[in-house]
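Residue numbers (this note's numbering), protein chains in the order written: chain A, 1 to 240; chain B, 1 to 103.
Keep in mind that the hints were calculated from the coordinates and are not lab data. Check each hint, because a few of them may be wrong.
Below 25 Å or equal to it, Euclidean Cα-Cα: the simulated BS3-like pairs (lysine-lysine) are [as the list claims (entries may be wrong)]:
{"id": "1", "chain 1": "B", "residue 1": "Lys78", "chain 2": "A", "residue 2": "Lys223"}
{"id": "2", "chain 1": "B", "residue 1": "Lys10", "chain 2": "A", "residue 2": "Lys230"}
{"id": "3", "chain 1": "B", "residue 1": "Lys32", "chain 2": "A", "residue 2": "Lys53"}
{"id": "4", "chain 1": "B", "residue 1": "Lys72", "chain 2": "B", "residue 2": "Lys56"}
{"id": "5", "chain 1": "B", "residue 1": "Lys56", "chain 2": "A", "residue 2": "Lys207"}
{"id": "6", "chain 1": "A", "residue 1": "Lys208", "chain 2": "B", "residue 2": "Lys78"}
{"id": "7", "chain 1": "B", "residue 1": "Lys32", "chain 2": "B", "residue 2": "Lys56"}
{"id": "8", "chain 1": "B", "residue 1": "Lys91", "chain 2": "A", "residue 2": "Lys207"}
{"id": "9", "chain 1": "B", "residue 1": "Lys30", "chain 2": "A", "residue 2": "Lys53"}
{"id": "10", "chain 1": "A", "residue 1": "Lys223", "chain 2": "B", "residue 2": "Lys32"}
{"id": "11", "chain 1": "A", "residue 1": "Lys176", "chain 2": "B", "residue 2": "Lys56"}
{"id": "12", "chain 1": "A", "residue 1": "Lys208", "chain 2": "B", "residue 2": "Lys56"}
{"id": "13", "chain 1": "B", "residue 1": "Lys10", "chain 2": "A", "residue 2": "Lys223"}
{"id": "14", "chain 1": "B", "residue 1": "Lys78", "chain 2": "B", "residue 2": "Lys10"}
{"id": "15", "chain 1": "A", "residue 1": "Lys208", "chain 2": "B", "residue 2": "Lys72"}
{"id": "16", "chain 1": "B", "residue 1": "Lys78", "chain 2": "A", "residue 2": "Lys128"}
{"id": "17", "chain 1": "A", "residue 1": "Lys223", "chain 2": "B", "residue 2": "Lys30"}
{"id": "18", "chain 1": "A", "residue 1": "Lys223", "chain 2": "B", "residue 2": "Lys56"}
{"id": "19", "chain 1": "B", "residue 1": "Lys91", "chain 2": "A", "residue 2": "Lys230"}
{"id": "20", "chain 1": "B", "residue 1": "Lys10", "chain 2": "B", "residue 2": "Lys32"}
{"id": "21", "chain 1": "A", "residue 1": "Lys230", "chain 2": "B", "residue 2": "Lys11"}
{"id": "22", "chain 1": "A", "residue 1": "Lys230", "chain 2": "B", "residue 2": "Lys72"}
{"id": "23", "chain 1": "A", "residue 1": "Lys223", "chain 2": "B", "residue 2": "Lys72"}
{"id": "24", "chain 1": "A", "residue 1": "Lys230", "chain 2": "B", "residue 2": "Lys78"}
{"id": "25", "chain 1": "A", "residue 1": "Lys208", "chain 2": "B", "residue 2": "Lys91"}
{"id": "26", "chain 1": "B", "residue 1": "Lys102", "chain 2": "A", "residue 2": "Lys230"}
{"id": "27", "chain 1": "B", "residue 1": "Lys78", "chain 2": "A", "residue 2": "Lys207"}
{"id": "28", "chain 1": "A", "residue 1": "Lys207", "chain 2": "B", "residue 2": "Lys72"}
{"id": "29", "chain 1": "A", "residue 1": "Lys208", "chain 2": "B", "residue 2": "Lys102"}
Cβ-to-Cβ under 10 Å is the rule here; a few derived chain B residues that face chain A [claimed, not checked]:
{"id": "30", "residue": "Arg43"}
{"id": "31", "residue": "Trp46"}
{"id": "32", "residue": "Thr65"}
{"id": "33", "residue": "Val68"}
{"id": "34", "residue": "Leu85"}
To be clear about the criterion: a stretch of chain B counts as covered by chain A if any three or more of its residues have a C-beta under 8 Å from a C-beta of chain A, and this derived list gives those stretches [unchecked claim]:
{"id": "35", "segment": "16-26"}
{"id": "36", "segment": "71-79"}
For clarity, every value in this text was computed on a predicted model and none was experimentally measured. Note that beta-carbon positions come from the ideal geometry of N, C-alpha and C, so glycine has one too.
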Amino acid sequence: MRVVPILMLLTAWAVAEEAPEAAPDAAALEALTAAYNQATSAFFKPYREAQAKGEEYALDYSKHPRFTYAPKFAAMAKKAKGDVALDAWVMALRSGYRNRAEAIEAILADHIESKGMINVVGYVRWEKNGDALMQQIIARSPHRDVQGFAMLLRGQTMLRRGNPQAERVLAAAKEKYGDVSIYRGRFTVGEKADGDLYEARHLAVGKKAPDIEGEDVDGVAFKLSDYRGKVILLDFWGDW
Amino acid sequence: MYPHGRSLVKKYDNRPFVIIGVNSDQDRAKLKERIQEENITWRSFWAGSTGGPIPKRWNVTGWPTIYVLDAKGIIRAKNVRGPQLDTWIEKLVQEAEAAETKQ
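Given these sequences and hints, build the entire structure.
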């Protein structure tokens with residue numbers, strides 16, 4: 001019986017098992033993201049080609065790559081460290097990772113002071129305890145853009161839910177963070193807050209609706225107030 | 001929305017109810033075709049796009065967005081759908097008719 005080679009084999013195996021797996025680095029996340037983007041592009045390809053020919057193509061959304069990639073991003077996030085972990089969690093959320101609570105909990109535990117939180121607040125707002133979490137982020141983030149965006153989104157979420165505190169929070173966002181640039185520099189917190197404040201003050205249940213003046217689809221001018229005396233179902237719609 | 005809209009228009013024929021749309025499609029000609037195809041009999045403002053002056057003024061970011069106004073122009077419900085919407089419309093139409101008979 002050849003004992004020595006067997007012992008060497010067992011030792012080699014034991015050493016291999018103990019060597020820690022290196023945490024995924026930025027390059028690994030970049031590669032996974034590129035793979036996801038390629039898979040998504042391939043998924044949409046038959047639709048784009050049909051569109052170019054003026055034809056129809058029904059995509060089977062159950063086959064979208066997000067269902068396989070979201071768990072991969074989450075798995076990478078759990079093994080990674082620092083900004084790579086945060087970025088991987090963000091990719092998991094973006095690709096629709098089912099266990100949002102898990103992702104958000106992990107992010108808030110380790111990354112609440114990171115600049116990258118700007119990409120996370122949009123997901124936190126809709127969680128069941130989202131309002132409390134948004135307040136935590138506002139209190140603990142050292143970054144003014146994160147604070148401002150979080151306060152704006154907190155106010156907007158309250159507005160969506162018919163919470164009468166919305167106006168106060170939106171007004172505070174405008175006052176403290178009005179100049180903060182968001183959405184890749186396309187808007188400021190102040191501009192967005194203005195629209196939401198108008199809605200909170202003039203478009204809440206119980207308010208008199210502002211009149212609308214415009215043209216119909218045939219180009220004929222008319223006003224909403226032309227229909228005073230009737231119950232109006234005002235429907236903002238599109239066929240797109 | 002179109003079948004529900006059509007059934008509401010039919011249900012409240014000759015009663016104080018109207019659907020007013022604010023449409024955001026950019027191609028007016030194509031929109032007119034679709035209106036014919038879907039037999040959309042109610043009137044719409046043409047907003048020109050989702051960022052047109054009317055949706056902008058009303059701070060509309062989610063589509064569709066729905067408001068229900070009573071006969072005096074007061075906002076009574078917002079973003080209600082299905083059976084909730086039907087209940088509101090019925091309640092407000094009855095309110096309007098009761099006010100009419102009082103005069």
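Hints versus structure:
{"no.": "1", "hint": "Lys78/B / Lys223/A", "in the structure": "holds (20 Å)"}
{"no.": "2", "hint": "Lys10/B / Lys230/A", "in the structure": "holds (15 Å)"}
{"no.": "3", "hint": "Lys32/B / Lys53/A", "in the structure": "holds (23 Å)"}
{"no.": "4", "hint": "Lys72/B / Lys56/B", "in the structure": "holds (24 Å)"}
{"no.": "5", "hint": "Lys56/B / Lys207/A", "in the structure": "holds (18 Å)"}
{"no.": "6", "hint": "Lys208/A / Lys78/B", "in the structure": "holds (13 Å)"}
{"no.": "7", "hint": "Lys32/B / Lys56/B", "in the structure": "holds (23 Å)"}
{"no.": "8", "hint": "Lys91/B / Lys207/A", "in the structure": "holds (18 Å)"}
{"no.": "9", "hint": "Lys30/B / Lys53/A", "in the structure": "holds (18 Å)"}
{"no.": "10", "hint": "Lys223/A / Lys32/B", "in the structure": "holds (20 Å)"}
{"no.": "11", "hint": "Lys176/A / Lys56/B", "in the structure": "holds (24 Å)"}
{"no.": "12", "hint": "Lys208/A / Lys56/B", "in the structure": "holds (18 Å)"}
{"no.": "13", "hint": "Lys10/B / Lys223/A", "in the structure": "holds (23 Å)"}
{"no.": "14", "hint": "Lys78/B / Lys10/B", "in the structure": "holds (22 Å)"}
{"no.": "15", "hint": "Lys208/A / Lys72/B", "in the structure": "holds (8 Å)"}
{"no.": "16", "hint": "Lys78/B / Lys128/A", "in the structure": "holds (22 Å)"}
{"no.": "17", "hint": "Lys223/A / Lys30/B", "in the structure": "holds (24 Å)"}
{"no.": "18", "hint": "Lys223/A / Lys56/B", "in the structure": "holds (17 Å)"}
{"no.": "19", "hint": "Lys91/B / Lys230/A", "in the structure": "holds (13 Å)"}
{"no.": "20", "hint": "Lys10/B / Lys32/B", "in the structure": "holds (21 Å)"}
{"no.": "21", "hint": "Lys230/A / Lys11/B", "in the structure": "holds (14 Å)"}
{"no.": "22", "hint": "Lys230/A / Lys72/B", "in the structure": "holds (8 Å)"}
{"no.": "23", "hint": "Lys223/A / Lys72/B", "in the structure": "holds (15 Å)"}
{"no.": "24", "hint": "Lys230/A / Lys78/B", "in the structure": "holds (17 Å)"}
{"no.": "25", "hint": "Lys208/A / Lys91/B", "in the structure": "holds (18 Å)"}
{"no.": "26", "hint": "Lys102/B / Lys230/A", "in the structure": "holds (16 Å)"}
{"no.": "27", "hint": "Lys78/B / Lys207/A", "in the structure": "holds (11 Å)"}
{"no.": "28", "hint": "Lys207/A / Lys72/B", "in the structure": "holds (11 Å)"}
{"no.": "29", "hint": "Lys208/A / Lys102/B", "in the structure": "holds (22 Å)"}
{"no.": "30", "hint": "Arg43", "in the structure": "holds (5 Å)"}
{"no.": "31", "hint": "Trp46", "in the structure": "holds (5 Å)"}
{"no.": "32", "hint": "Thr65", "in the structure": "holds (4 Å)"}
{"no.": "33", "hint": "Val68", "in the structure": "holds (6 Å)"}
{"no.": "34", "hint": "Leu85", "in the structure": "holds (8 Å)"}
{"no.": "35", "hint": "16-26", "in the structure": "holds (count 10)"}
{"no.": "36", "hint": "71-79", "in the structure": "holds (count 8)"}
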